[in-house]
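A.B. asks: One letter stands for each residue in the lines below.
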Amino acid sequence: STQSTGDFRFLAPSMAARQTSNLAKVAENCWTKAPKINAELFTLTYGAIVWQLLKDNENIEDVNNQLEKMGYNIGLRLIDEFLARSNLGRCKDFRETAEVIAKVAFKMFLGVNASLRDSNDKEFVLILDDNPLTDFCELPESHKKSLAYCNILCGVIRGSLEMVQMRVECQLIKSILRGDEVSEIKVVLKEILKDEMPIGDD
Amino acid sequence: MWIAAIAVIGKQNNPLYIKTLGKNGDDLKFHHIVHTSLDVVQELTSKKESTQADKYLGQLYPTEEYKVYGYITNTRIKFILIVDYDSRAKEADLKQFFTKFHELYADTVCNPFYTFDENITSQKFEERVTELVSSGVPS
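Chains as they are written, first to last, in the numbering used here: chain A, 1 to 202; chain B, 1001 to 1139.
Think of the hints as simulated: they come from the structure by calculation, not from any bench.
Backbone N, C-alpha and C fix where the C-beta goes; we use that ideal spot for every residue, glycine too.
You may find that some hints are simply not true.
[Said to hold, decoys possible] Mimicking DSSO-like on lysine-lysine, the simulated pairs with C-alpha atoms at most 30 angstroms apart in a straight line are:
(1) A:Lys-174 x A:Lys-190
(2) A:Lys-144 x A:Lys-107
(3) B:Lys-1100 x A:Lys-144
(4) B:Lys-1124 x A:Lys-55
(5) A:Lys-122 x A:Lys-186
(6) A:Lys-107 x B:Lys-1124
(7) A:Lys-174 x A:Lys-122
(8) A:Lys-55 x A:Lys-33
(9) B:Lys-1124 x A:Lys-144
(10) A:Lys-55 x B:Lys-1055
(11) A:Lys-122 x A:Lys-145
(12) A:Lys-186 x B:Lys-1124
(13) B:Lys-1124 x A:Lys-174
(14) B:Lys-1124 x A:Lys-36
(15) A:Lys-36 x B:Lys-1100
(16) A:Lys-107 x A:Lys-33
(17) B:Lys-1029 x B:Lys-1011
(18) B:Lys-1055 x B:Lys-1090
(19) B:Lys-1124 x A:Lys-145
(20) A:Lys-186 x A:Lys-92
(21) B:Lys-1029 x A:Lys-144
(22) B:Lys-1100 x B:Lys-1055
(23) A:Lys-107 x A:Lys-122
(24) A:Lys-186 x A:Lys-69
(25) B:Lys-1047 x B:Lys-1019
(26) B:Lys-1095 x B:Lys-1124
[What the hints assert, rightly or not] For each label pair, taking beta carbons as the anchor points, the in silico distance ranges come out as:
(27) A:Arg-167 x B:Glu-1131: 46 to 56 angstroms
(28) A:Pro-35 x B:Leu-1044: 25 to 35 angstroms
(29) A:Ala-48 x B:Glu-1103: 13 to 23 angstroms
(30) B:Val-1109 x A:Lys-144: 33 to 43 angstroms
(31) A:Lys-145 x B:Val-1109: 37 to 47 angstroms
Just chain A, with the same shape it has in the complex:
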């Protein structure tokens, strides 16, 4: 089939590999269909937000928190958009959630391919080697160690996962702007929020 739909619950493990390439197809599809804006405008807009926050707050940690909160609000809403467009069903475990976020969500919304490392039932790390938010940006020395420029992404992940009954904590652990090779976001599962149908039930 050319389109991945519905439940992963009933897939045998041997189909996992095929599922990954299906995810890529879903992602490509969603990305192509989505309306686009100019990348530079997007980058400059985000840069302006960060810059303004830095002007309005003395403490850089406050700026990081505000970015995360903004992302959280975006995430709460973005998840429904994501589910509606991608038409993907419930993920059977946290590992699959990681796959979907990396392969589909990042492609669909930012147009970039993210990869994973150290993915297990409790946590995973997203690797971004390309990030439109940080194009053209160079952090001044005073902010390099402390400012989490892309913290909004951490918030987006936290907000969206909360709406699908997962409480997570996200942290930007590596950043291209700080001189690292890639940017990395670590996502740790804290709690599955009750109030949802246990997996396996219909």
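Given the coordinates of chain A, assemble chain B onto it according to the supplied hints.
C.D. replies: Then chain B, alone, in the frame of chain A:
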């Protein structure tokens, strides 16, 4: 074309960036040349009350060892290029250089942490200019 120096000058004729590749000791000479060429730029641009997009100003003035070219953007930022006298640089090549340099400048300006009218201290800009300048613009 052998490039001796390239400079970025701001709206109030304040220098924002100068890169010199000449022999040691010539640096001061380049600064001086850039400074004097600003007068020429002023003259040229005040005459041109034109509506055409004439960013490339052409050769500003000759010296014994070097030729000086200018380029001005609509935001009144000027680029001054100093090349070796011997180089037989074609106008097309110079224009191409200026266009590429203009793009590098635009990218640097897009950095949300760049403050206007301040010296360009970006590491990335420095690297890319070095690359552009030494990438062998054809002579």
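A.B. asks: Is it true that Arg-167 (chain A) and Glu-1131 (chain B) lie within 46 to 56 angstroms of each other by Cβ?
C.D. replies: Cβ of Arg-167 (chain A) to Cβ of Glu-1131 (chain B): about 47 angstroms, so the range 46 to 56 angstroms holds.
A.B. asks: Lys-107 (chain A) and Lys-33 (chain A) were given as a pair; does the straight-line alpha-carbon distance stay at or below 30 angstroms?
C.D. replies: 12 angstroms, holds
A.B. asks: When you check the alpha-carbon spacing of Lys-1124 (chain B) and Lys-36 (chain A), does it fall within 30 angstroms?
C.D. replies: Status holds; Cα separation ~28 angstroms.
A.B. asks: Does the structure keep Lys-1100 (chain B) and Lys-1055 (chain B) at a Cα separation of 30 angstroms or less?
C.D. replies: Answer holds: Lys-1100 (chain B) to Lys-1055 (chain B) is near 13 angstroms, not above 30 angstroms.
A.B. asks: Hinted pair, alpha-carbon criterion (30 angstroms max): Lys-1100 (chain B), Lys-144 (chain A). Please report holds or violated.
C.D. replies: With a Cα-Cα distance of about 29 angstroms, the restraint between Lys-1100 (chain B) and Lys-144 (chain A) holds, given a limit of 30 angstroms.
A.B. asks: Straight-line Cα separation of Lys-186 (chain A) and Lys-92 (chain A) no greater than 30 angstroms?
C.D. replies: Measuring from Cα to Cα gives roughly 20 angstroms; hence the hint holds.
A.B. asks: Would the hint linking Lys-122 (chain A) and Lys-186 (chain A) be met if the CA-CA limit is 30 angstroms?
C.D. replies: 11 angstroms, holds
A.B. asks: Holds or violated: are the alpha carbons of Lys-174 (chain A) and Lys-190 (chain A) at most 30 angstroms from each other?
C.D. replies: It holds: about 21 angstroms lies between the C-alpha atoms, which stays within 30 angstroms.
A.B. asks: Do the Cβ positions of Ala-48 (chain A) and Glu-1103 (chain B) conform to the proposed distance bound of 13 to 23 angstroms?
C.D. replies: 21 angstroms, holds
A.B. asks: Given the hinted pair Lys-186 (chain A) and Lys-1124 (chain B), is their alpha-carbon gap at most 30 angstroms?
C.D. replies: Holds - the C-alpha atoms of Lys-1124 (chain B) and Lys-186 (chain A) are around 28 angstroms apart, at most 30 angstroms.
A.B. asks: What's the verdict on Lys-36 (chain A) and Lys-1100 (chain B), does the C-alpha distance respect the 30 angstroms limit or exceed it?
C.D. replies: Holds, at about 27 angstroms.
A.B. asks: Sort out whether Lys-1090 (chain B) lies within 30 angstroms of Lys-1055 (chain B), counting only the CA atoms.
C.D. replies: Holds: Lys-1055 (chain B) and Lys-1090 (chain B) sit about 17 angstroms apart, inside 30 angstroms.
Of the numbered hints stated above, those contradicted by the structure are hints 8, 10, 21, 28, 30, 31, listed in ascending order.
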